[in-house]
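Q: So the sequences go chain by chain: A and B. Note that the first sequence covers residues 6 to 173 in our numbering. Note that the second sequence covers residues -2 to 554 in our numbering.
Calculated from the structure, these hints are not laboratory results. Some hints could be false.
Claimed, not checked - Short, incomplete list of chain A residues facing chain B, as computed with Cβ under 8 Å:
(1) Ser27
(2) Arg31
(3) Lys72
Unchecked claim - With a Cα cut of at most 35 Å, we get these calculated DSBU-like pairs of lysine-lysine:
(4) Lys264(B) to Lys285(B)
(5) Lys549(B) to Lys72(A)
(6) Lys317(B) to Lys63(A)
(7) Lys285(B) to Lys72(A)
(8) Lys484(B) to Lys72(A)
(9) Lys166(B) to Lys72(A)
(10) Lys193(B) to Lys63(A)
(11) Lys474(B) to Lys72(A)
(12) Lys72(A) to Lys446(B)
(13) Lys63(A) to Lys393(B)
(14) Lys63(A) to Lys98(A)
(15) Lys474(B) to Lys484(B)
(16) Lys474(B) to Lys64(B)
(17) Lys72(A) to Lys288(B)
(18) Lys63(A) to Lys484(B)
(19) Lys177(B) to Lys393(B)
(20) Lys393(B) to Lys98(A)
(21) Lys184(B) to Lys393(B)
(22) Lys63(A) to Lys177(B)
(23) Lys393(B) to Lys474(B)
(24) Lys72(A) to Lys177(B)
(25) Lys264(B) to Lys516(B)
(26) Lys145(A) to Lys199(B)
(27) Lys285(B) to Lys63(A)
(28) Lys63(A) to Lys549(B)
(29) Lys63(A) to Lys166(B)
(30) Lys317(B) to Lys72(A)
(31) Lys64(B) to Lys166(B)
(32) Lys285(B) to Lys184(B)
Said to hold, decoys possible - Have a look at the derived ranges for each label pair, beta carbon to beta carbon:
(33) Asp84(A) to Pro174(B): 23 to 29 Å
(34) Ile186(B) to Glu60(A): 16 to 22 Å
(35) Glu45(A) to Lys177(B): 31 to 37 Å
(36) Thr133(A) to Lys166(B): 43 to 49 Å
(37) Gln18(A) to Gln172(B): 44 to 50 Å
(38) Lys166(B) to Phe19(A): 37 to 43 Å
(39) Arg31(A) to Lys393(B): 27 to 33 Å
Quantities reported herein were computed from a predicted structural model and do not represent experimental measurements. Glycine included, every Cβ here is placed at the ideal spot set by N, Cα and C.
Listed here are the chains, written in short residue letters.
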Amino acid sequence: MSRFTVAVLVNNQFGVLNRVTSMFRRRQFNISALTVSETESSEFSRITVVFDGEEIAKQQLINQLYKLPDVCSIKEFSDDNSISCELLLIKMKNEENTRGDIRGAVEAFGAITVDYSKDYMMFRLTDTTRRIDDFIDLMKDFTILEICRTGSVSLERGSTTIRQPVNL
Amino acid sequence: MLLSGADIVVKTLIEQGCDTVFGYPGGQILNVYDSLYTHQNEINHILTAHEQGAAHAADGYSRTTGKVGVVISTSGPGATNLVTGIATAYLDSIPMVAICGNVPTTHIGTDSFQEIDITGITLPITKHNYFVGNVAKLADTIREAFRLAKSGRPGPVLIDVPKDVQIAKCEYEPQPPVEKAEPFTAKDIRIIEAAKLINAAKRPYIYFGGGLITANAQAEMLGIAEKTDAYIGCSLMGLSAIPTDHPRFLGMQGMHGHFASSMAMHKADLILSLGVRFNDRATGNREKFAKGAAIVHIDVDGSELCKTVNAVCGLRGDLKWTLAKLLPMLNENKKPEWTAEVGALRQEEANRLDHREGLTPRNAILALNQYLGKNTAVCTDVGQHQMWAAQSLVFKTPRRFLTSGGLGTMGYGMGAAIGAAFGTKERSVLVTGDGSFGMNLNELATAVKYNIPIVILIMNNGVLGMVRQWQTLFFNKHYSNTVLERKTNFTAFAKSFGAESEAVNTPEELDAALGRAFKTEGPYVIDCMIDKDEFVLPMLPPGGSMDDIITKLEVEQ
């Protein structure tokens, strides 16, 4: 089992996310993260899918995506050829005995304190999915009140873009 | 010219070369029906008894003609009644455009009377679907739907048109019919790879499916078979692509396939697979399926390559174009050992043939064969009769066997036979069972109304035979809910609908009835009594391999 990141450029049409996720559901693809965002053009939306599975399942996922008429192009990313990151917001209980350790970890990871009161602290961390996982693991030693993360977004290195047509 | 949305729907259908549509009117599609009334000299609308029948009829029309079948329904229940028909077409890759009315855009999302989210419902069973919220986009959306439906791997497309969009006016300019997307050939490097594998093969077997019919690639396929001395088998969906009596053709393979065909596939060292999807009914246990064979798989849909069976060489491309490129790269040679081996398998199959006398299922189909013209379309429903028909019918012309292969829709046949009769402009035949016929027999009313010549052969055994067969084999003969015990008199029923009909109990009676049926203008129902313990054989048990094949079965009474 490996982890794959696939970026999908789709027509910015009503219901397009539903078309894509409905296909994932009915073919039972194991999606671990999915983000949708606007792009440089109002015609398109960009979906970034993080998928866990075998190589053959990933190929099937890409082939099935190509069959959706609203899908314009697809690009698969690896750590070498792309930059990926995601955003984490985490709310921790503010307690006398753990405050120091939490702030130490926050500093080590380069997270930012976005809110602070005597009951709780909220931090923001923008980093790779793996670093965010590590940070959350550390926080598990303390009292986590709430977590929200965005899922990964990715862009290819270099000047090429997803809009350049790809042939299967 | 300035036209209403409803007129644009009808005008665009006409512009796309559509002369026959099937459907059923209702409140939210009234405007389109008004336009159909105005344009009745240019486009023929066939009113069925139920929307499902209309969808199957559009499917049958499409299968026989290769054109896009069109079905029209109202919103809500009209639209949901299409669902089984659309799904049937989707699973068998049949080009179809379904047009539904819906409540006005201002009412959408408020659970109005007869409002349903049909684009949501049909999302997984269409190639694509559209909700048209703006009359300015209506004509182009219909054009795009036609293009999508027939391009690449064909399939159904649905268009949902709210009432206010049918009323709104917009400029309309006729355009020529859309062309399907340009076919593409598989990559050269893959074709070379495939040629190497085929040239190295000692026991080549060509396995084709419905994709071969869609691509019209029979000549190219036969050329390859001739050159490489390959034998040919097909899936259920491939039937009728080439004449049954072609010397290289071993018939359908799979769960109820011909013994020689399934066995030759099992023994082959190379399987050239064309427009097939290796469905579980075709392969049985995939772990044990064709272990000794290298699979070369060509399909226009890249997602079929390596979906269920691992091909050593997968080629994504149009079959006709790709095979034409592959053919000159192949070495011509004879393979006498393989020919002898296949000959022995054929002999073995012949020895196992059911030669019993009386009104056996096989004898009924053989009798029917005598009456089939070159152009006669034979439709089936789903179950034992479907397999008996698939095994023993003699096909002469492509697109003349219509069966729900993928979805396995009982009740498909009656609508399909209506559509097929319009498609071929000839008499069509429906082979059905008493269970399947019971599902959509309302469409007999349609056949009577339009005086459509359809010979309906009901293989009546009083049970749901295929399910019963499984219960016999795998469920200790617990005949749970498969004994119909209905008091239906099909002959009286048919007559009450205005059709001619008779019941038959012997081969002689059947032959005489067929003689009358094939001379009748309009539908003719033959209620053909067969024994409830007849089995479809051979049978590969589900999940089994060729080692588990059942060829003989004695049931203690």
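Q: All the hints need checking, so say for each whether the structure fits it.
A: Comparing the hints with the structure gives:
The restraint placing Ser27(A) at the interface with chain B holds, with a minimum CB-CB distance near 5 Å, inside the 8 Å limit. Proximity of Arg31(A) to chain B holds as hinted, the smallest CB-CB distance being about 5 Å (cut-off 8 Å). With 8 Å as the threshold, the beta carbon of Lys72(A) comes within range of chain B, its nearest partner Cβ sitting at about 6 Å, so the hint holds. Restraint check for Lys264(B) and Lys285(B): satisfied, since their Cα atoms lie roughly 12 Å apart, inside the 35 Å limit.
Pair hint Lys549(B) plus Lys72(A) does not hold up; C-alpha atoms about 44 Å apart against a cutoff of 35 Å. At most 35 Å may separate the alpha-carbon atoms for a hinted pair to count; Lys317(B) and Lys63(A) meet this at roughly 29 Å. The straight-line distance between the Cα atoms of Lys285(B) and Lys72(A) is roughly 30 Å, inside the 35 Å bound, and the hint therefore holds. Proximity of Lys484(B) to Lys72(A) is assessed by CA-CA distance (about 48 Å); at most 35 Å being required, the pair is judged violated.
Between the alpha carbons of Lys166(B) and Lys72(A) the distance comes to roughly 34 Å, so the proposed pair stays at or under 35 Å and holds. Restraint check: the Cα-Cα separation between Lys193(B) and Lys63(A) comes to about 28 Å, which is no more than 35 Å; the hinted pair holds. Note on Lys474(B) and Lys72(A): the hinted pairing is violated, with a Cα-Cα distance of about 44 Å set against a maximum of 35 Å. Proximity of Lys72(A) to Lys446(B) is assessed by CA-CA distance (about 41 Å); at most 35 Å being required, the pair is judged violated.
Between Lys63(A) and Lys393(B), the direct Cα distance comes to roughly 42 Å. Violation of the 35 Å bound is thereby established for this hinted pair. The hinted pair formed by Lys63(A) and Lys98(A) fails the criterion: a straight-line CA distance of about 40 Å is larger than 35 Å. Our distance criterion of 35 Å between C-alpha atoms is met by Lys474(B) and Lys484(B), whose separation comes to about 23 Å. The suggested pairing of Lys474(B) with Lys64(B) is violated, with an alpha-carbon distance near 45 Å, which exceeds 35 Å.
For the given pair, Lys72(A) sits about 30 Å from Lys288(B) by alpha-carbon distance, which is consistent with the 35 Å threshold. For the suggested pair Lys63(A) and Lys484(B), the alpha carbons sit about 54 Å apart, so the restraint of at most 35 Å is broken. A distance of roughly 28 Å separates the Cα atoms of Lys177(B) and Lys393(B); the hinted pair therefore holds under the 35 Å criterion. Between Lys393(B) and Lys98(A), the direct Cα distance comes to roughly 78 Å. Violation of the 35 Å bound is thereby established for this hinted pair.
For the proposed pair Lys184(B) and Lys393(B), the alpha carbon gap of about 34 Å is at most 35 Å, so the pair holds. About 29 Å separates the Cα atoms of Lys63(A) and Lys177(B), which keeps this hinted pair within 35 Å; it holds. Of the supplied pair hints, the one linking Lys393(B) and Lys474(B) is violated, its CA atoms being roughly 39 Å apart against a limit of 35 Å. For the proposed pair Lys72(A) and Lys177(B), the alpha carbon gap of about 15 Å is at most 35 Å, so the pair holds.
Proposed proximity of Lys264(B) and Lys516(B) is contradicted: the alpha carbons are some 46 Å apart, above 35 Å. This hinted pair does not check out: Lys145(A) and Lys199(B) have alpha carbons roughly 63 Å apart, beyond 35 Å. Proposed proximity of Lys285(B) and Lys63(A) is supported: the alpha carbons are some 24 Å apart, at most 35 Å. For the hint pairing Lys63(A) with Lys549(B), the CA-to-CA distance comes to about 43 Å; that exceeds 35 Å, so the pair is violated.
Restraint check: the Cα-Cα separation between Lys63(A) and Lys166(B) comes to about 47 Å, which exceeds 35 Å; the hinted pair is violated. The straight-line distance between the Cα atoms of Lys317(B) and Lys72(A) is roughly 21 Å, inside the 35 Å bound, and the hint therefore holds. Taking the CA atoms of Lys64(B) and Lys166(B), the gap is about 29 Å. The hint holds against a cut of 35 Å. About 30 Å separates the Cα atoms of Lys285(B) and Lys184(B), which keeps this hinted pair within 35 Å; it holds.
At about 49 Å, the beta-carbon gap between Asp84(A) and Pro174(B) misses the expected band of 23 to 29 Å. Separated by about 20 Å at the C-beta atoms, Ile186(B) and Glu60(A) satisfy the suggested range of 16 to 22 Å. Checked against the given bound of 31 to 37 Å, the beta carbons of Glu45(A) and Lys177(B), roughly 32 Å apart, stay inside it. Remark: the range hint 43 to 49 Å for Thr133(A) to Lys166(B) is contradicted by a beta-carbon distance near 55 Å.
Taking the beta carbon of each, Gln18(A) and Gln172(B) are about 23 Å apart, not inside 44 to 50 Å as hinted. The supplied range of 37 to 43 Å is broken by Lys166(B) and Phe19(A), whose beta-carbon atoms lie about 24 Å from each other. One distance hint, 27 to 33 Å for the beta-carbon pair Arg31(A) and Lys393(B), is violated here, with the actual separation near 39 Å.
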